[in-house]
Amino acid sequence: MTTHVNLTRWLIWMGFAATLIIAPLVFHSGASLSLLSQMGTMMILGLSYNMLLGQGGMLSFGHAVYSGLAAFCAIHAMNYVGNGEIWMPITLIPLIGGVAGMCFGIVFGYVTTRKSGTTFSMITLGIVELVFACSLMLPGFFGGEGGVSTNRVTGKPFFGLSYGPQIQVVYLIAFWLFVSTVGMFAFTQTPLSRMINAVRDNPDRAEFIGYDAQKVRYLTLVISAFFAGIAGGLSAINFEMASAENVSAIRSGAILIFTFLGGIGYFFGPMVGAVIGVFLTVMLSGITKAWQLYLGVFFIIIVMYAPSGVAGLMMQNFRVMKYGKFSRIATCLAVVSIATSIASLGIIIGVEMLYHLSLESGNGSEMNLFGWTIDTMKSTGWIVAGVLLATGAIAFTYSRRPFQYAWRTVNAEIDDLIHKGNA
Amino acid sequence: MTVSLDLNKVCKRFGATEIIRGTSLQIMQGERIALIGPNGAGKSTLFNLISGRSTCDAGDIILNGKSIVGLRPFEINRRGLTRSFQTTNIFHGLSVYENLRCAVLWSLGYKYSFWHRLNGLKDVHARVENVMEQIALARRRNVAAGVLTYAEQRALEIGITIAGDAGLILLDEPTAGMSRSESETAVELIRKVTTGKTLLMVEHDMNVVFGLADKIAVLVHGEIIAFDTPANIRSNSSVQEAYLGGRVSSEIFA
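Protein chains in written order, with this note's numbering: chain A, 1 to 423; chain B, 1001 to 1254.
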């Protein structure tokens, strides 16, 4: 049993490492590499955030403070390296970010983690506004409105790494992503991590088995801030600049949304969230002006109907497959999915036409969508959108119940099997 | 015999209401004491004062020779006092095994460690297995505590309480809400796990009280009006008078 688990675990880690090595070779265009860099950075940030939210039940609205301030520190460190004031290979700059993040964690965390729950959330919101305000008041460190910039191609190449080509940066991020993921996973296997789970569930009780709930939260936050700092350092190397936006509440909110989308109940959830979140932010924003609307609606749907996130959906379906019962839900699932897709298509066409009408009607009423030319002033497009939405909605209404029934039956059977296995 | 817990004229008021009025009580090491009294007598308040959940306004509480007044609950726990709760107070999202593992970590010296690998800690594992065996939940080890049956949750509550191997155990109505047979099982469990320990427990079920306690303390209106062996308490007229309002005495004290 144990050897089986260990073997699976090794396979997963090796698969992860292999993916990190192969992905940049497959997706090697400039845009893809930039996307991969951002995904890698966001994965570290999301995982570090989930140490608070998923493992510790701490809903922080200010996690970008740690990564953002670390990014500023990393930029200044790189500038010192560039001026020859200190010597340090760029490869190790993320470590500077990590230490900086940890130091700010020690300072701010001391204040925020004194309370839990809503109060904790409120204080983090206060801290993020405070730091954001400081970023405009202290131009020496933050560079004012324009931020501070640097040049990562500096000093002598270290082991042949100049970080001029983006591919080298991608592999640098991949390296730190792997190290950080191993580190954060290892953390979940330690006494402190188990106690932050306990404090999440019942801080009161934790105090009666010898633990200071505040201190458990504080130490966890400091460690989380360290990894957030590594992500900040990497983003500094990747973008060669940092500005007030890096420490803003908006950035903090994005971390929260991506992590939750991915799924806070699973260790790898935030990684899924980072892939989806960055993909939507970068790709979708290039395609449509309504991308934030889609992201918002997606987030609301996940919060309401799948609070375990995309990772949760994946694992629930995987569980059904593992017990060989997937064929029994496959048809219903397919029908529901098709119905949802049709309705979504109708909504998307409608939304896109509305956006065109209100924002770009000056350039004529015609627009391009999915390769077709649609005239927003004529009724055809609206009718198509309406019919698709209505068809999808009706199909969804009728296919929902059979799916729910099949899903519940299958899962009840599996629960039964597990229960019998335990008894 | 040495004194385990010494309450010295402890007072506690909420606003103008004095809940605990100069309570004094001495518990020797190895004794099993039952604390009884009518509803609102201040039993749970007294437990909260002793365990550090709230602080007393006057008086002194001495644990193993040292005052623990003003200490936080985790500090008192580290000095060898553990308590259970009247309403089940467990880590509902964690499995039975993890609940107990959390409860033994501090006592085995792992503190806030993030450099030990949990699954490699043999002493922790052995202790958890041992407690799980005692509370008869070994078969349910991987079940989330939140979905256990009520009786199982109560057993887990006791398991968490005793897992840290503290010398003084406070149990707040351990058999509350249990059926007769469940309650009998619970009494056996308590007897087993408190062997060699000092026990102070609040209990309403007189069968449990007379079955377990070496001595009984009667708390009425925030004062200990009697502290004696079960036999003497049973025949104590002032206890019957005060505790039962002199109405149904013989029925319960039979």
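Accuracy of the hints is not assured; some may be wrong.
[Stated by the list, open to error] Restricting the straight-line Cα-Cα distance to at most 25 angstroms, the calculated cross-link-like pairs of lysine to any residue (SDA-like) are:
1) B/K1122 to A/G183
2) A/K115 to A/G30
3) A/K115 to B/H1092
It is worth saying that the hints were derived from the structure and are not from the lab.
Since this is a predicted model, take the numbers as computed values, not measurements.
Quick rundown of the hints versus the structure:
1. A threshold of 25 angstroms between alpha carbons decides the hint, and for B/K1122 with A/G183 the separation of about 23 angstroms falls inside it, so the pair holds.
2. Between A/K115 and A/G30, the direct Cα distance comes to roughly 45 angstroms. Violation of the 25 angstroms bound is thereby established for this hinted pair.
3. The hinted pair formed by A/K115 and B/H1092 meets the criterion: a straight-line CA distance of about 21 angstroms does not exceed 25 angstroms.
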